[in-house]
Amino acid sequence: GAVVSQHPSRVICKSGTSVKIECRSLDFQATTMFWYRQFPKQSLMLMATSNEGSKATYEQGVEKDKFLINHASLTLSTLTVTSAHPEDSSFYICSAGDRLGVVANEKLFFGSGTQLSVL
Amino acid sequence: LAKTTQPISMDSYEGQEVNITCSHNNIATNDYITWYQQFPSQGPRFIIQGYKTKVTNEVASLFIPADRKSSTLSLPRVSLSDTAVYYCLVGDYLQGGKLIFGQGTELSVKP
Numbered sequence: 001g002a003v004v005s006q007h008p009s010r011v012i013c014k015s016g017t018s019v020k021i022e023c024r025s026l027d028f029q030a031t032t033m034f035w036y037r038q039f040p041k042q043s044l045m046l047m048a049t050s051n052e053g054s055k056a057t058y059e060q061g062v063e064k065d066k067f068l069i070n071h072a073s074l075t076l077s078t079l080t081v082t083s084a085h086p087e088d089s090s091f092y093i094c095s096a097g098d099r100l101g102v103v104a105n106e107k108l109f110f111g112s113g114t115q116l117s118v119l
Numbered sequence: 001l002a003k004t005t006q007p008i009s010m011d012s013y014e015g016q017e018v019n020i021t022c023s024h025n026n027i028a029t030n031d032y033i034t035w036y037q038q039f040p041s042q043g044p045r046f047i048i049q050g051y052k053t054k055v056t057n058e059v060a061s062l063f064i065p066a067d068r069k070s071s072t073l074s075l076p077r078v079s080l081s082d083t084a085v086y087y088c089l090v091g092d093y094l095q096g097g098k099l100i101f102g103q104g105t106e107l108s109v110k111p
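These protein sequences, in sequence, are chains A and B.
Per our numbering, the first sequence starts with residue 1, numbered consecutively.
Per our numbering, the second sequence starts with residue 1, numbered consecutively.
Quick caveat, the hints were computed from the structure, so don't treat them as lab data.
Backbone N, C-alpha and C define an ideal beta-carbon position, used for all residues, glycine too.
Some hints could be false.
Some chain A residues well away from chain B (every beta-carbon gap over 10 angstroms; in silico) [as the list claims (entries may be wrong)]:
{"no.": "1", "residue": "V11"}
{"no.": "2", "residue": "G16"}
{"no.": "3", "residue": "K20"}
{"no.": "4", "residue": "D27"}
{"no.": "5", "residue": "F28"}
{"no.": "6", "residue": "F39"}
{"no.": "7", "residue": "T49"}
{"no.": "8", "residue": "L76"}
{"no.": "9", "residue": "T80"}
{"no.": "10", "residue": "E87"}
{"no.": "11", "residue": "I93"}
Below are the BS3-like pairs computed for lysine-lysine, each with C-alpha atoms no more than 25 angstroms apart in a straight line [as the list claims (entries may be wrong)]:
{"no.": "12", "chain 1": "A", "residue 1": "K41", "chain 2": "B", "residue 2": "K3"}
{"no.": "13", "chain 1": "B", "residue 1": "K98", "chain 2": "A", "residue 2": "K107"}
{"no.": "14", "chain 1": "B", "residue 1": "K52", "chain 2": "A", "residue 2": "K107"}
{"no.": "15", "chain 1": "B", "residue 1": "K69", "chain 2": "B", "residue 2": "K54"}
{"no.": "16", "chain 1": "B", "residue 1": "K3", "chain 2": "B", "residue 2": "K54"}
{"no.": "17", "chain 1": "A", "residue 1": "K55", "chain 2": "A", "residue 2": "K14"}
{"no.": "18", "chain 1": "A", "residue 1": "K41", "chain 2": "B", "residue 2": "K110"}
{"no.": "19", "chain 1": "A", "residue 1": "K64", "chain 2": "B", "residue 2": "K98"}
{"no.": "20", "chain 1": "A", "residue 1": "K107", "chain 2": "B", "residue 2": "K54"}
{"no.": "21", "chain 1": "B", "residue 1": "K98", "chain 2": "A", "residue 2": "K55"}
{"no.": "22", "chain 1": "B", "residue 1": "K3", "chain 2": "A", "residue 2": "K107"}
{"no.": "23", "chain 1": "A", "residue 1": "K20", "chain 2": "B", "residue 2": "K110"}
{"no.": "24", "chain 1": "B", "residue 1": "K3", "chain 2": "B", "residue 2": "K52"}
{"no.": "25", "chain 1": "A", "residue 1": "K41", "chain 2": "B", "residue 2": "K98"}
{"no.": "26", "chain 1": "A", "residue 1": "K66", "chain 2": "B", "residue 2": "K3"}
{"no.": "27", "chain 1": "A", "residue 1": "K107", "chain 2": "B", "residue 2": "K110"}
So that you can see chain A by itself, here it is in the shape it has in the complex (with noise of 0.2 angstroms):
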């Protein structure tokens, strides 16, 4: 099936400092992909929606200038948590899927997640 690949999967920084994530997909085109933050013993919850060769899309309630998604190519979207403090701690996940906006039975891969700590 179909891989994401993303990494870190552990990154440990201090606060004020910004954190760079990538996620990649490694044997298709992603023209969509997710990021997605989960706290402990929490569901997943939508953070944005990544689009090559335009601006993200973002939920509600998700800060846009905190954190910046960058999808330049069909295969590479990047998370920047920017000015990271404390509360930022935890657990993003980026999906994606080779036939969104094709079919309406898509299956998302998910990457393997990264743990943020900023202490």
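Fit chain B to the given chain A structure using the hints.
Frame of chain A; chain B shown alone:
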């Protein structure tokens, strides 16, 4: 987007069959029903998907009644490694629909 409701948690023992039911009363005509599995500190993994009646693959079965207002994921003969959170999602991705996760069901399999 159709909202889903699942039991928050379930317990089972190794070797038993586990059935997890999801309610989606507002499912739309073009929506598909998809189940994902998530282990701690990992991204979700696709398990099974269906539109109506019954679907079976190598790991699970999915039962969908005629009115499609609910669905049941059936895991045959669970093992300890099936301990995970299971999410039921409904949606139509032809229009680039978003994947919104509900609360999920935390399944605990005991020896």
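Checked hints:
{"no.": "1", "hint": "V11", "verdict": "holds (14 angstroms)"}
{"no.": "2", "hint": "G16", "verdict": "holds (26 angstroms)"}
{"no.": "3", "hint": "K20", "verdict": "holds (18 angstroms)"}
{"no.": "4", "hint": "D27", "verdict": "holds (15 angstroms)"}
{"no.": "5", "hint": "F28", "verdict": "holds (14 angstroms)"}
{"no.": "6", "hint": "F39", "verdict": "holds (13 angstroms)"}
{"no.": "7", "hint": "T49", "verdict": "violated (6 angstroms)"}
{"no.": "8", "hint": "L76", "verdict": "holds (17 angstroms)"}
{"no.": "9", "hint": "T80", "verdict": "holds (19 angstroms)"}
{"no.": "10", "hint": "E87", "verdict": "holds (20 angstroms)"}
{"no.": "11", "hint": "I93", "verdict": "violated (5 angstroms)"}
{"no.": "12", "hint": "A:K41 with B:K3", "verdict": "holds (20 angstroms)"}
{"no.": "13", "hint": "B:K98 with A:K107", "verdict": "holds (12 angstroms)"}
{"no.": "14", "hint": "B:K52 with A:K107", "verdict": "holds (17 angstroms)"}
{"no.": "15", "hint": "B:K69 with B:K54", "verdict": "holds (14 angstroms)"}
{"no.": "16", "hint": "B:K3 with B:K54", "verdict": "holds (21 angstroms)"}
{"no.": "17", "hint": "A:K55 with A:K14", "verdict": "violated (28 angstroms)"}
{"no.": "18", "hint": "A:K41 with B:K110", "verdict": "holds (20 angstroms)"}
{"no.": "19", "hint": "A:K64 with B:K98", "verdict": "holds (18 angstroms)"}
{"no.": "20", "hint": "A:K107 with B:K54", "verdict": "holds (18 angstroms)"}
{"no.": "21", "hint": "B:K98 with A:K55", "verdict": "holds (16 angstroms)"}
{"no.": "22", "hint": "B:K3 with A:K107", "verdict": "holds (18 angstroms)"}
{"no.": "23", "hint": "A:K20 with B:K110", "verdict": "violated (39 angstroms)"}
{"no.": "24", "hint": "B:K3 with B:K52", "verdict": "holds (18 angstroms)"}
{"no.": "25", "hint": "A:K41 with B:K98", "verdict": "holds (22 angstroms)"}
{"no.": "26", "hint": "A:K66 with B:K3", "verdict": "violated (28 angstroms)"}
{"no.": "27", "hint": "A:K107 with B:K110", "verdict": "violated (30 angstroms)"}
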